[in-house]
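> Line order of the protein sequences matches chains A and B. Residues 1 to 160, numbered by our numbering, are exactly what the first sequence covers, in order. Residues 1 to 696, numbered by our numbering, are exactly what the second sequence covers, in order.
Just so you know, these hints were derived from the structure itself, not from any lab. Be a bit skeptical, because a hint or two may be false.
Computed footprint of chain B on chain A, listed as stretches where at least three residues anywhere in the stretch have a Cβ under 8 Å from a Cβ of chain B [stated by the list, open to error]:
{"#": "1", "segment": "55-61"}
{"#": "2", "segment": "67-74"}
{"#": "3", "segment": "101-109"}
Calculated lysine-lysine pairs in the DSS-like style (CA-CA distance at most 25 Å, straight line) [to be verified]:
{"#": "4", "chain 1": "B", "residue 1": "Lys300", "chain 2": "A", "residue 2": "Lys43"}
{"#": "5", "chain 1": "B", "residue 1": "Lys463", "chain 2": "B", "residue 2": "Lys537"}
{"#": "6", "chain 1": "B", "residue 1": "Lys521", "chain 2": "B", "residue 2": "Lys398"}
{"#": "7", "chain 1": "B", "residue 1": "Lys521", "chain 2": "B", "residue 2": "Lys444"}
{"#": "8", "chain 1": "A", "residue 1": "Lys43", "chain 2": "B", "residue 2": "Lys649"}
{"#": "9", "chain 1": "B", "residue 1": "Lys195", "chain 2": "B", "residue 2": "Lys185"}
Quantities reported herein were computed from a predicted structural model and do not represent experimental measurements. We put the beta carbon where it would ideally sit given N, CA and C, even for glycine.
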Amino acid sequence: MANLTQSTASRLARRIGDRGPVREFLMFALAGELYGLELTRIKEILSPPPITTVPRAPRNVVGVCSVRGLLVTVLDLRRTLHVEERPLTRRGRILLGAADSGEVIGLLVDEVRHVVRLAANEIEPAASALGGDVSEFVLGIGRPAGEFLILLDLPSVVSG
Amino acid sequence: MAELSDKAREEFFSEAQEIIETLSRNLLSLDSTIKAGISDPSLINEAFRAVHTLKGLAGLFGAARLGALSHRLEDVLDDLRLGRINLGQDVLDVLFGAVEAYTRILQAEKSDSDEELDVEQLFVDLERIGAGATERESPVADYELDPGLLAVLTEYEEHRLRANIELQMQLYRLRVQFDLSTIDKVLEEMKERAKRHGEIITYLPTGEATSADTIELDLLMASRDDLATLIGSLGADNVVIEEIPRRARRSHPATQPPRRPTSLGRPDSVGLQPELERAGLEQAASLRSLTQTVRVDIRKLDHLMNIVGELAIVRSAFGRVAEKLRGEGQRKLAAELQRLHRNFDRRLGEMQDGILEVRMVPLGQVFDRLARVVRQISREVGKEIRLVITGAETEIDKLIVEELSDPLMHMIRNAIDHGIEAGQGRVEVGKPLAGTIALNAFQKGNHVMIEVEDDGRGIDLSKLTEKAISLGKLARSEAEEMSRDEMLALIFLPGLSTRESADDVSGRGVGMDIVKTNISKLGGVIDVHSESGIGTKMTITLPITLAIVSALLIQAGQHTLAIPLSSVSEAIAFDEAAVRSVDGREVITLRGQTLPLCRLDRLMALESSPDSASRRRFVVVAALGQRRLGLVVDFLFGQEDIVIKPLGKSLSGVRGFAGATELGDQRVGLVLDAAGLIEEVLAGAEAPRRLERASG
Numbered sequence: 001m002a003n004l005t006q007s008t009a010s011r012l013a014r015r016i017g018d019r020g021p022v023r024e025f026l027m028f029a030l031a032g033e034l035y036g037l038e039l040t041r042i043k044e045i046l047s048p049p050p051i052t053t054v055p056r057a058p059r060n061v062v063g064v065c066s067v068r069g070l071l072v073t074v075l076d077l078r079r080t081l082h083v084e085e086r087p088l089t090r091r092g093r094i095l096l097g098a099a100d101s102g103e104v105i106g107l108l109v110d111e112v113r114h115v116v117r118l119a120a121n122e123i124e125p126a127a128s129a130l131g132g133d134v135s136e137f138v139l140g141i142g143r144p145a146g147e148f149l150i151l152l153d154l155p156s157v158v159s160g
Numbered sequence: 001m002a003e004l005s006d007k008a009r010e011e012f013f014s015e016a017q018e019i020i021e022t023l024s025r026n027l028l029s030l031d032s033t034i035k036a037g038i039s040d041p042s043l044i045n046e047a048f049r050a051v052h053t054l055k056g057l058a059g060l061f062g063a064a065r066l067g068a069l070s071h072r073l074e075d076v077l078d079d080l081r082l083g084r085i086n087l088g089q090d091v092l093d094v095l096f097g098a099v100e101a102y103t104r105i106l107q108a109e110k111s112d113s114d115e116e117l118d119v120e121q122l123f124v125d126l127e128r129i130g131a132g133a134t135e136r137e138s139p140v141a142d143y144e145l146d147p148g149l150l151a152v153l154t155e156y157e158e159h160r161l162r163a164n165i166e167l168q169m170q171l172y173r174l175r176v177q178f179d180l181s182t183i184d185k186v187l188e189e190m191k192e193r194a195k196r197h198g199e200i201i202t203y204l205p206t207g208e209a210t211s212a213d214t215i216e217l218d219l220l221m222a223s224r225d226d227l228a229t230l231i232g233s234l235g236a237d238n239v240v241i242e243e244i245p246r247r248a249r250r251s252h253p254a255t256q257p258p259r260r261p262t263s264l265g266r267p268d269s270v271g272l273q274p275e276l277e278r279a280g281l282e283q284a285a286s287l288r289s290l291t292q293t294v295r296v297d298i299r300k301l302d303h304l305m306n307i308v309g310e311l312a313i314v315r316s317a318f319g320r321v322a323e324k325l326r327g328e329g330q331r332k333l334a335a336e337l338q339r340l341h342r343n344f345d346r347r348l349g350e351m352q353d354g355i356l357e358v359r360m361v362p363l364g365q366v367f368d369r370l371a372r373v374v375r376q377i378s379r380e381v382g383k384e385i386r387l388v389i390t391g392a393e394t395e396i397d398k399l400i401v402e403e404l405s406d407p408l409m410h411m412i413r414n415a416i417d418h419g420i421e422a423g424q425g426r427v428e429v430g431k432p433l434a435g436t437i438a439l440n441a442f443q444k445g446n447h448v449m450i451e452v453e454d455d456g457r458g459i460d461l462s463k464l465t466e467k468a469i470s471l472g473k474l475a476r477s478e479a480e481e482m483s484r485d486e487m488l489a490l491i492f493l494p495g496l497s498t499r500e501s502a503d504d505v506s507g508r509g510v511g512m513d514i515v516k517t518n519i520s521k522l523g524g525v526i527d528v529h530s531e532s533g534i535g536t537k538m539t540i541t542l543p544i545t546l547a548i549v550s551a552l553l554i555q556a557g558q559h560t561l562a563i564p565l566s567s568v569s570e571a572i573a574f575d576e577a578a579v580r581s582v583d584g585r586e587v588i589t590l591r592g593q594t595l596p597l598c599r600l601d602r603l604m605a606l607e608s609s610p611d612s613a614s615r616r617r618f619v620v621v622a623a624l625g626q627r628r629l630g631l632v633v634d635f636l637f638g639q640e641d642i643v644i645k646p647l648g649k650s651l652s653g654v655r656g657f658a659g660a661t662e663l664g665d666q667r668v669g670l671v672l673d674a675a676g677l678i679e680e681v682l683a684g685a686e687a688p689r690r691l692e693r694a695s696g
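Next up, chain A with everything else stripped away, as it sits in the complex (with noise of 0.2 Å):
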């Protein structure tokens, strides 16, 4: 994986050039459309694990599993999003991020594609893109080629 988002990252790096402070973010897909979080935040991508339900816990919480002995907490994006449930596809990921308490939490997304660098003009800010009432989630858009990337904030994320 690692590899794979190097060749990726600098493939981009070549075709965007050099446009000021550039950041990194992993594309994924949830419910038909295209998300990003910065590359930094994410820790691991992985396959998931069985994950053990728990009772009584909030309604974005997926449940449980372990990492190589570590205890994660996984998190049902769609259900943190307000977007269409479905059940899981084999293309199915866990994204690993650190919340700004230390703990390690699992972020469920339905699809990785793979790494973007946008670069500060090509980032709109939430306010101004969406208007004044937007989830607290959302950091801006991003429009990297032609696409449409909603760009998520971590922190705000795994603590919502």
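Since the structure of chain A is already known, use the hints to place chain B on it.
Using the frame of chain A, we list chain B on its own:
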């Protein structure tokens, strides 16, 4: 603080902490010996050595504040052990103050804070005590002592000599021939035997010997016994005992032995140079004993325990492979693997026990700290308190010990402040003037019980309920229906204090609810018993360790869950027909006693397994302290040792689970929090839960 590796820093802090604890223990013993009217010079010596070691350590690590305090304290202790200062309660107060200051300094150093610590007053007090040091006229001159011997006395020996003379002891000279090859041993034995009669103050070779293999020593001894007794007890062929006669009192006393200049004037440097003349050879001995122990970060032990947990999974896989081989007809290979499996199993068990043993520390660690608190509070509030500790050697997980000191401190503060009556009040009801607080610890199965008991006035139930009603936590109609135990449970409500005014000691009644929360975080429960006029006893029941537990694996709905065996008393078959409903709650009768039931699948809203209706079900009886609860489950898988991992912060609001554990096939199983469940289900009927709902 100087740049140091984290490891060295850790070592420094834990060693300093240990020394301070030793010092505190010594002071407490001194306190009790003084109260008993005895003086034990060895205790002051030990305290002196502790501070001396700490000073060296502080120098080594560039901890200037620690060094400065040690330096001054050392001077005072030196004056004490040489008898220049009399040890009284006022001096002890200052010394205990120094222990507190040490603790604060250590904390500041630990967090790398340069904040100004208020130790000025302490330094002034130490200075004041030091200034009171007096030279005393030597009564030694009254004895016909060999001037050669007097000239070589150390300052400490001279102090002991003087102290003994002041106590009206008679002095004796023992001339003893020792065999050179066994002198160390024989001399020690001799000192030991002499202790029954008094004290050997010093010894000096006479320079005369009967053969090349022997050496002759003159022992100077002080004793309250007469010559005949001593000859009877210590006399032998090679021992000649003589009484040293008092000489007629002369008009001018002998010249005083030179005294070292008072050290308070010395600059505040923190020397690395060990001052061997002061600390003596005993210092070397104490340094050597330190090398016998290794300090280990508890997280490393957790890591090892995790590995053991993973090995246990490998072990189960072995077992499965062996079964498979047998199934395929490979009997010989299967038997061989089975044998290896058993061997592996046994060794793994030993390893697990070994790691657990390393984590165990005696409760005495926290009890010592409490003894200090008791002394301090009892002096603050002017109540005389006798603290009786039993079972300090009871061992419990290091992590639990760390978390125990705050709750126990609250409980003891409450006992002294609310429980024990003021002196006159005690005398009037025919109790001894000094109140007694007993701190008892003992092991009971997989649990450690800690009791905090006082012989005070007991909890006033009517005042307690009135207070709860006036705070709006309880309706009067509810109060009238409450049982005694339910009323006692009111003390765990937030914001309740039975004393009219809040004060320094117990604060504003914030104590007991926090105590209860902290104890249940450790998987423990707390029970209260109180008799009006006789006293109050609080009993804490705690698991021995948090690291690895034996658990019963069960199925409820489609969930595989673990229940720590320590909280399971038995499991029985469930008979739906035997269920009775009392006040809307399901109960069964077990051996003549009513057992409240909890259907786990309903409580947790678990998806039921398809065949659960037809299958035979079970009741797991969870018991903690006095309380019991029957958990209705679908299936019992059996017993397994598990490592409990806490659920993440995002699940911290989920009640009923103590954590999760790996089940072996990559799956994770949730671990039920038996204490929490019992609390949740039973409290539904008890007062506090009802109140929380009413007030929230």
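> Determine for every hint whether it applies to the structure shown.
The hints, checked one at a time:
With a cut-off of 8 Å between beta carbons, the segment 55-61 of chain A has 5 residues touching chain B; three or more are needed, and the interface restraint holds. With 4 residues having a Cβ less than 8 Å from any Cβ of chain B, the segment 67-74 of chain A passes the three-residue criterion, so the hint holds. Counting residues of the segment 101-109 of chain A whose CB lies closer than 8 Å to any CB of chain B gives 4, which reaches the minimum of 3, so the coverage claim holds. At roughly 24 Å between alpha-carbon atoms, Lys300 (chain B) and Lys43 (chain A) fall within 25 Å of each other, so this suggested pair holds.
Distance restraint check for Lys463 (chain B) and Lys537 (chain B): the Cα-Cα separation of roughly 18 Å lies within the 25 Å cut-off, and the hinted pair is therefore satisfied. A C-alpha spacing of about 15 Å is found between Lys521 (chain B) and Lys398 (chain B), which places the hinted pair at or below 25 Å, so the restraint holds. Distance restraint check for Lys521 (chain B) and Lys444 (chain B): the Cα-Cα separation of roughly 20 Å lies within the 25 Å cut-off, and the hinted pair is therefore satisfied. A threshold of 25 Å between alpha carbons decides the hint, and for Lys43 (chain A) with Lys649 (chain B) the separation of about 18 Å falls inside it, so the pair holds.
In summary, the hint linking Lys195 (chain B) to Lys185 (chain B) is supported, as the alpha carbons are separated by about 16 Å, within the 25 Å threshold.
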